[in-house]
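J.: Take the given structure of chain A and dock chain B to it, following the hints.
These protein sequence lines map, in sequence, to chains A and B.
Residue numbering for the first sequence follows this note's numbering, starting at 1 and increasing by one per position.
Residue numbering for the second sequence follows this note's numbering, starting at 113 and increasing by one per position.
Hints in this document: simulated from the structure, not taken from any laboratory.
All residues carry an ideal CB built from backbone N, CA and C; glycine is no exception.
One should not assume that every hint holds.
In the BS3-like style, the derived pairs of lysine-lysine whose C-alpha atoms are separated by at most 25 Å in a straight line are [claimed, not checked]:
#, chain 1, residue 1, chain 2, residue 2
1, A, Lys37, B, Lys152
2, B, Lys150, B, Lys134
3, A, Lys26, B, Lys131
4, B, Lys121, B, Lys150
5, B, Lys153, B, Lys134
6, B, Lys165, B, Lys130
7, B, Lys165, A, Lys37
8, A, Lys26, B, Lys153
9, B, Lys134, B, Lys165
10, B, Lys165, B, Lys148
11, B, Lys131, B, Lys148
12, A, Lys68, A, Lys50
13, A, Lys37, B, Lys148
14, B, Lys150, B, Lys130
15, A, Lys37, B, Lys134
16, A, Lys26, A, Lys67
17, A, Lys59, A, Lys26
18, B, Lys148, B, Lys130
19, B, Lys165, B, Lys153
20, B, Lys130, A, Lys37
21, B, Lys131, B, Lys121
22, B, Lys150, A, Lys37
23, B, Lys134, B, Lys152
24, B, Lys165, B, Lys152
Derived CB-CB ranges, DEER-like [claimed, not checked]:
#, chain 1, residue 1, chain 2, residue 2, range
25, B, Ala192, A, Leu80, 27 to 33 Å
26, A, Lys50, B, Gly126, 42 to 48 Å
27, B, Lys150, A, Ser81, 36 to 42 Å
28, A, His38, B, Met139, 42 to 48 Å
29, B, Lys165, A, Leu80, 39 to 45 Å
Listed below are the residues making up each chain.
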Amino acid sequence: QQPVQSPQAVILREGEDAVINCSSSKALYSVHWYRQKHGEAPVFLMILLKGGEQKGHDKISASFNEKKQQSSLYLTASQLSYSGTYFCGTRGEDTGRRALTFGSGTRLQVQP
Amino acid sequence: DTEVTQTPKHLVMGMTNKKSLKCEQHMGHRAMYWYKQKAKKPPELMFVYSYEKLSINESVPSRFSPECPNSSLLNLHLHALQPEDSALYLCASSQTRAGGPDTQYFGPGTRLTVL
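Bound conformation, chain A alone (with noise of 0.2 Å):
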């Protein structure tokens, strides 16, 4: 079952802060987040695993929220390069199925 994700679209100035939601109705083992440019392949930002937990790189974080199913990616002080769509995907507890469902994306755009 799809992931969703929310906002559906953001406009920021460079140095706002946005949060994008990710929520899903089953339980879930893990929670991928991803930014793809306009013609090009999705690009790994962060993985969140079951255990609820929070992660983050430079100016990108993410948590996850176990009992809620949630997972919100927070991009703070904002670039131009962060434009984008960002998708989550999800994978379920049946960890025997290797796949990822990916939520239907949040499109970014920072202005100057």
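T.: Quick look at chain B alone, frame taken from chain A:
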């Protein structure tokens, strides 16, 4: 090195043609994937190979035929496609350690146009 390569980058084919897409990785990953992505949509899983065996087929029409000749290579054979099959075809690979993270790394994709 987290590189997955795909060839060709672009492909235009007629509905009666037979063509193949190729994907290669040298990261020692034993799981490989084919996804299809339409414009402004998320990637949709087509096939998963684990240790060179087909483990998931998401009810993909038989005009798409995957093949995994060895642990580094993944092919997608195309035959009698329809115009609605035009899309970006993405290959990905991941490790297969039990209980470990299975980060999928994507190749640049093949942009397929069916006339």
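J.: Looking back at the numbered hints, which does the structure fail to meet, lowest number first?
T.: As far as the earlier hints go, 3, 7, 17, 19, 20, 24, 25, 27, 28 are violated by this structure, in ascending order.
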